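Given next are the chains, with one letter for each unit.
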Amino acid sequence: MGVVQNIADDGLGGMDHNFVTARIEDLVKWARSRSSWGASFGLACCAIEMMGTGASHYDLSRFGMEVFRASPRQADIMIVAGRVSQKMAPVLRQVYDQMMEPKWVISMGVCASSGGMFNNYAIVQGVDQIVPVDVYAPGCPPTPETLIHAIETLHQLIEDGEIMRRRVANNGGAGVELSSEPVAHTSVTIGSK
Amino acid sequence: MTIISAGTAEGGQELLSRSELTAKELLREVGSVLRLSETEAALLAEVQTEAPEDQTMIINMGPQHPSTHGVLRLMLELQGETVLRCKPIIGYLHTGMEKTGESLTYMQGGTNVTRMDYLSPLNNELVFSMAVEKLLGIDGDIPERAVWMRMLLSELNRMSSHLLFLATNGMDLGAVSMMLYGWREREDVLRFFQKVTGLRMNHNFIRPGGVAADLPAGWRDDVLAILEGLPSRLEEYDILMTGQPIWRERLQGVGVITAQEAIALGATGPILRSTGVAWDLRRDMPYLHYDQVEFDVIVGQYGDAYDRYSIRFNEIRESMRIVYQVLDCMPSGDFRIQNKKVTPPPRARIDESMEALIHHFKIFTEGFKVPEGEVYVAIESPRGEIGCYIVSDGSSNPYRMHVRAPSFVNIQTMPHMMRGGLVADAVAVISSVDPVLGEVDR
Amino acid sequence: MSDSAGTLENAVETQHGCPVQDSLGQRVLHASRDQYVSVIKALADDGYEMCIDLTGVDYLEMPHRKIGFGIQPERFELVVNLLSLSQRQRIRVRVQVPADDVTMPTLFDIHPGTEAHERETFDMFGIVFAGHPDMTRILMPEDWDGHPLRKDYSQGSIPVQFKGANS
Ligand code: SF4
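Protein chains in written order, with the numbering used here: chain A, 1 to 193; chain B, 1001 to 1442; chain C, 2001 to 2167.
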């Protein structure tokens, strides 16, 4: 295949089959979904299954998820694994606030999703009261397969752009607003020097 | 939408700065309430005078931190890299289980307690069931097969719990490959549990009166497969870690605690044993049929993190020894007591008899009544003595259900172990105490 | 009370001046509040060197329960489990704590390991331990109202509603 010397001269035809055209948006979504890093937010029994999912047998790295980040600044997905107590709730919210946009939340296990069997004074009855949840993984604890399914579902949602659309429509689940500054569109012509 | 302000309002629980402390508090926080030896006391005075406030720094570790094992929060006072004081702050996983336990029947109670120490759920169920059986007065009539099954499961559980300890201990100290190996082995055991109980964790399988179901066909081969695969892998880990100089450097002499201190603080399990006290409830106050099997109590000598690591490592081998003997002894027969009061009728009879159906319905809706009384039963969990204190008022719910959690007490040894050590060793200490926060906070 | 204690001496076994009860084969001592610390201390000297557990019970809903030995049941009860490693024995000490004065002396000076237990008992039952170096809540947030394990504290469950479920 020939090396394109000057696109302005040769035009796109000169590049043969060496590129794919796509919308930049799709590309970004694809990249985001395939390398979403989790914030390690293990709370209770579910966290053990979450670690198990990341470990040898279930090998979460197949889905680009093996990097669990301790710092919320570097994480994209918060997997709330376990029961959230009243004392932990503010901390959880703080960690969520520290994560960079775009960010997603998986609520793992019935405790995080609805309080589960602990319908009492100490447990927040559903983590969606504190942070907006994108995918709920049922089970007590959800098996690694369930968690992987939840992650795959989330990846699909990220890729479809479903989440962003819904967030914008609902004005963001927990009142989290994305700042929408008008973007100045400057068209770039390939090859212009 | 309610805005939850970030930041927790538990100022009073935090580590205070030196200037705000009274002398007594300071002494407590540096651990001098333990009967210190003279040299230690002298050292203590030295450190205190050496550390004026402007040279120390209080840092916060957790509750969300990768190496604090769950949601443990530690506040450390540092002078340079030396830890002067440390205070664990807990409660971030407080689930109100003791309160919930009061509204669940004895039949349902197992689902509750099993979620406390989620690394050894079967031991939790066992202690709860044993307490209920004692109150019912049927603790002597549990069928043999059920007793041996309980032993089989609790020993396998001890193995899986210690394997997880090896994995996390390895990871905390930088031997990341150990993480993968430990989990791989644990998966084998979990797969067996799933086959037997239907769940990987939180089984609610051991119930008052026996166990929930019989062992599935082919269980013996599964157990043997686990037992046969494990020794060669344990050898590998021995090579990977035990003899390795880096590993030894990181652990030996770190987090030292003496027998006297451990006893004063109420520490049990591997922490107590690492100081040279051979105390294992399985041998010293036998329950189930532990007096009929042969095993050694592994005891350390120096009370440091390395001893605790080796104790857990070798307890896996002892547990395997016990499981082999259990395999030989496993009798046939009932897996739960044939006492109409506590045992639901067999499935086949429900189709035939109306009474059986009513009985079944009653047991599962109302539960069974337990005579008035109070009882404390304790067993040896992988982390130490787990005890269950139940007060019954004669109804079908416990009036009060309290679990004495080993991690809750063991965590108190941390400030003492960390004192004078380096920050980097703090991680080794946390990891070697092996707390399970679900159990600490309950 | 005093003359019943007199007959008690002959009738019931006592240890360190406290009546001993056999509760399902377990040895239980009933100490009064004044005896509490001295009994634990005496037991520690007897070889019960380890305080395994300390917890409370709220008997609000069982006001007429019987303890025997002429002991007046009170609302709260403190339960201390001691263990002797050398004799391989356990003993349990139960102390009645009246609702209108929920202060107990701390065991901290005898068994430092009760520190967390006492804080937990304070957090859950509101029993105050005089002399404890750090009497703060341990499990609940610092600004929490009430003591959850008291019987007049509701479990706080929210009724589950199935709204909008497909039937
Ligand atoms: S859902 Fe079940 S496994 Fe998960 S944290 Fe809750 S109790 Fe534990």
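Some hints here could point you the wrong way.
Said to hold, decoys possible - Straight-line C-alpha distance at most 20 Å; calculated EDC-like pairs for lysine to aspartate or glutamate:
hint	chain 1	residue 1	chain 2	residue 2
1	C	Lys2151	B	Glu1102
2	B	Lys1087	C	Glu2061
3	C	Lys2066	B	Glu1355
4	B	Lys1369	B	Glu1355
5	C	Lys2151	B	Glu1372
6	B	Lys1195	A	Glu152
7	B	Lys1369	B	Glu1187
8	C	Lys2066	B	Glu1372
9	B	Lys1362	C	Glu2142
10	B	Lys1369	C	Glu2061
Rather than coming from a laboratory, the hints here were simulated on the basis of the structure.
Just so you know, these numbers come straight off a predicted model, no measurement behind them.
Hint check:
Between lysine 2151 of chain C and glutamate 1102 of chain B the CA atoms are separated by roughly 10 Å; this keeps the pair inside 20 Å, and the hint holds. Using a Cα cut-off of 20 Å, the hinted pair lysine 1087 of chain B and glutamate 2061 of chain C is violated, with the two alpha carbons roughly 37 Å apart. Distance restraint check for lysine 2066 of chain C and glutamate 1355 of chain B: the Cα-Cα separation of roughly 37 Å exceeds the 20 Å cut-off, and the hinted pair is therefore not satisfied. Among the hinted pairs, lysine 1369 of chain B with glutamate 1355 of chain B is consistent with the structure: their alpha-carbon atoms are about 19 Å apart, no more than 20 Å.
Pair hint lysine 2151 of chain C plus glutamate 1372 of chain B holds up; C-alpha atoms about 18 Å apart against a cutoff of 20 Å. Between lysine 1195 of chain B and glutamate 152 of chain A, the direct Cα distance comes to roughly 27 Å. Violation of the 20 Å bound is thereby established for this hinted pair. A threshold of 20 Å between alpha carbons decides the hint, and for lysine 1369 of chain B with glutamate 1187 of chain B the separation of about 38 Å lies outside it, so the pair is violated. As the CA atoms of lysine 2066 of chain C and glutamate 1372 of chain B are separated by approximately 11 Å, the hinted pair is consistent with the 20 Å bound.
With a CA separation close to 43 Å, the supplied pair lysine 1362 of chain B and glutamate 2142 of chain C exceeds the 20 Å bound. Proximity of lysine 1369 of chain B to glutamate 2061 of chain C is assessed by CA-CA distance (about 17 Å); at most 20 Å being required, the pair is judged to hold.
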